[in-house]
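Participant: Just need the whole structure built from these sequences, with the hints factored in.
Protein chains in written order, with this note's numbering: chain G, 1 to 266; chain B, 1001 to 1235.
Please keep in mind that the hints were generated in silico from the structure rather than gathered at the bench. None of these values were measured; they are calculated from a predicted model. Any given hint might turn out to be false.
[Unchecked claim] Label pairs and their computed distance ranges (CB to CB):
| hint | chain 1 | residue 1 | chain 2 | residue 2 | range |
| --- | --- | --- | --- | --- | --- |
| 1 | B | L1012 | G | Q186 | 55 to 65 Å |
| 2 | B | P1161 | G | D51 | 48 to 58 Å |
| 3 | B | R1051 | G | L89 | 51 to 61 Å |
| 4 | B | P1161 | G | Q87 | 22 to 32 Å |
C-beta: ideal position from N, C-alpha, C; glycine also.
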Amino acid sequence: MNAELKLFALGTAGVTLVLAALLVTVYGAETGRVLQALAARTPLLLSGSPDFSRFEGGFAANIVISIWAMMIAAVAGTALGIGMISQSLLVRAPSVLLMNVLRNSPWLVVLYAMLYLLPFEIEAFGTIFSFSPVIKAIIGLALPVTANIAEVFRGGVEAVPTGQWESARSLGYRRLQILRRVVVPQAIQFMTPNLMTTYAMLFIGTSLVVVTGANDILSVARTVIASDGAHYATAIYLYVLFLFFLFCFPIAILTRWLEQRVRVRQ
Amino acid sequence: MTLDFSWLFDPLYQTWLLRGVGTTILLSLLGMVLMFVIGIAGAALLHLKVRFLQSPVTIFVELFRNTPPLVQLFFLYFMLSEIGLTLTDPVTGGRIPLFTGFTCVVLSLGLYNGAIAVEIIRSGLLAVPAQTVEGARSLGYSRLQTFRHVELPIGLRMSIPPMTSNIVSLIKTSSQAVLVAVADIMYGATQIMLETFRNLEVMLLIWVIYLVIASLAVLVVRRIAAAFRIPGYGS
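Facilitator: Here you go:
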């Protein structure tokens, strides 16, 4: 953990200094006033409400969207990953094709497409489900991430020695049973670092939901800029950069540490 | 729900789309050049353990890798216009901004994917067999010469598989250009949507176009990788 801790300290301190230096370079003598303005807008940017009373917009919305999208993508991605290692070509070929299509599509285009593809509301089981911008954003982000998770799943399963498959087979397990009871429990350690990287990528991708009209941090930032003046735009975007960095950098460090541990154990 | 693609036969829309494809490809190519320059320079500084420069490179990589390229783009766009760097156009004599939206997109693509490229090339360099490096050293190559003639050529070939996905990621990220009003393919699409209201059809077409561009890029990289393969190093 020592090397990672050192990197964490260097990265956090360094990035804070660089961003602060940029702020001073752009604003010069005005920096103090700009910082005050930023402090006054912090609750709005973080929680979408001016006094932290509700957590339904701003950075909190990004976190919520990323968690939901990750959960959906984890389920769908595992299913797609199982399809990709299926023995039947009829299942495998479409799964691999779907994974490649999803992985090569730009997130922004998928988000836009979901915006128009998903209906405003659907009626199922006697109740009406309405698709709010947030739900469309979650589905739009979950789709490309599904492909990433399927790839991580396949990679993890393939990292487990084939002898495990054969011995479980000779003990009478069926394919899905082997996967669930023997292979996946061993593969999970290879998958965890990659899953964390995928999550960090997804979180970075939540900055795009601004186009769906969800009340995420970039929409709040745009509103703040519109009300406080374009003069503050640089400072606000610097602040948003800093927030994303503070969230994603620890994940990156933890991922590196886990990878190191998996490598040492082997 | 019926899909109506009749708007596709309008020559005006075809021109918009083709021009957009051209801009997207140009953006991606320029971004890739910058990405490779940053990636190779950063990886070289880290690999050669250049004193006083290692920490700045690490901070740069972590800053750009852990923040959204979209926010970087907005930041660059607003900061550069706030500083107000301008050029005098020699033809008209008017002041034009030094950094247009196009330049900002290229810069942000190069910075974000370049920061990732630094890490990719660095692990490629680490994958060069130690014996090869020692062999070069024992033949009298200096540290820099070894790097230039032995480690970098092999390391770059070793980094081709992750670099391919980085290039695809760069092409995908270039779609953000529309958000600072660069006339790329997404921009053409939004214009067509405004006029025809066939939002879903236009987006599906754009989706397919991006898939084709990304797949072509993967094919090209594969051909390059095959042409430059050194038997015995990498797959």
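Participant: Quick check: which numbered hints come out false for this structure?
Facilitator: Every hint satisfied by this model.
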